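Peer 1: Keeping their order, the protein sequence lines are chains U and W.
Here our numbering is used: the first residue of the first sequence is 1, the next is one more, and so on.
Here our numbering is used: the first residue of the second sequence is 1, the next is one more, and so on.
Simulated from the structure, these hints should not be mistaken for lab results.
All figures in this text were calculated on a predicted structure; none of them were measured in a lab.
Every residue, glycine too, gets a C-beta built ideally from N, C-alpha and C.
Do not take every clue at face value.
[Stated by the list, open to error] Label-pair ranges, simulated between beta-carbon atoms:
| # | chain 1 | residue 1 | chain 2 | residue 2 | range |
| --- | --- | --- | --- | --- | --- |
| 1 | U | Ala70 | W | Thr14 | 45 to 51 Å |
| 2 | U | Lys71 | W | Tyr99 | 16 to 22 Å |
| 3 | U | Thr69 | W | Leu83 | 42 to 48 Å |
| 4 | U | Gly16 | W | Asn59 | 39 to 45 Å |
| 5 | W | Gly28 | U | Asp59 | 21 to 27 Å |
| 6 | U | Ser12 | W | Asn77 | 38 to 44 Å |
| 7 | W | Leu95 | U | Glu5 | 27 to 33 Å |
[To be verified] Derived coverage of chain U by chain W (criterion: at least 3 residues anywhere in the stretch with Cβ under 8 Å from a Cβ of chain W; other residues may be distant):
| # | stretch |
| --- | --- |
| 8 | 30–43 |
| 9 | 94–100 |
| 10 | 103–113 |
[Claimed, not checked] On the chain W side, residues computed to face chain U include the following (Cβ under 8 Å):
| # | residue |
| --- | --- |
| 11 | Phe45 |
| 12 | Glu48 |
| 13 | Asn56 |
| 14 | Ser94 |
| 15 | Gln96 |
| 16 | Tyr99 |
| 17 | Glu100 |
| 18 | Gly106 |
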Amino acid sequence: GENVEQHPSTLSVQEGDSAVIKCTYSDSASNYFPWYKQELGKRPQLIIDIRSNVGEKKDQRIAVTLNKTAKHFSLHITETQPEDSAVYFCAARRNTNAGKSTFGDGTTLTVKP
Amino acid sequence: KAGVTQTPRYLIKTRGQQVTLSCSPISGHRSVSWYQQTPGQGLQFLFEYFSETQRNKGNFPGRFSGRQFSNSRSEMNVSTLELGDSALYLCASSLQGDYEQYFGPGTRLTVT
Numbered sequence: 001g002e003n004v005e006q007h008p009s010t011l012s013v014q015e016g017d018s019a020v021i022k023c024t025y026s027d028s029a030s031n032y033f034p035w036y037k038q039e040l041g042k043r044p045q046l047i048i049d050i051r052s053n054v055g056e057k058k059d060q061r062i063a064v065t066l067n068k069t070a071k072h073f074s075l076h077i078t079e080t081q082p083e084d085s086a087v088y089f090c091a092a093r094r095n096t097n098a099g100k101s102t103f104g105d106g107t108t109l110t111v112k113p
Numbered sequence: 001k002a003g004v005t006q007t008p009r010y011l012i013k014t015r016g017q018q019v020t021l022s023c024s025p026i027s028g029h030r031s032v033s034w035y036q037q038t039p040g041q042g043l044q045f046l047f048e049y050f051s052e053t054q055r056n057k058g059n060f061p062g063r064f065s066g067r068q069f070s071n072s073r074s075e076m077n078v079s080t081l082e083l084g085d086s087a088l089y090l091c092a093s094s095l096q097g098d099y100e101q102y103f104g105p106g107t108r109l110t111v112t
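Based on the sequences and whatever the hints tell you, model everything.
Peer 2: Written out as structure tokens, the structure is:
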């Protein structure tokens, strides 16, 4: 089955710096890659996603890049703020396995003021 | 639109008992997926329902079951509870199950 590896497991940056989280997936048929942010005690929140026909997508300070050949995708957060501190999860899915996402183990991001 | 809701939010059960959790998706969403979240195993897919039919299933024992009603609300049931079933159970809804999924707040189950 699908396997998603996520690195690093913890990441600490200074406010204003950039943060990058990387994920690698195993199923070459995966075609949808969402990223979720989960604050302590709260639900995972979809923050950005990318489909396999696109190489990059941006939304304000957040961007995701996808390399289908290498089967990896990354989340980039620029100008980090303390409120960006949370656990970030990547996921992969093939649309023939509707509703079934395989998640990475999560990255705990800490932004120091 | 109202978000995904789950009830109850917290549950404490004893080993051997059974439990039923409920999930109400976003209005108009027909797909409901269930996930188990634990510190050690992360987010693990349990099953997905679409139009009252189970469409996908994860690698969980038969003690875990679910169903979906005609209004898209879904329930999951865990029978013969074990200590290892203690977890946050999250449901997520989407229009068709193919793309964006939105999570509910979860039900925190503690088995003693």
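Peer 1: In ascending order, which of the hints set out earlier in this document are inconsistent with the structure?
Peer 2: No hint contradicted; all consistent.
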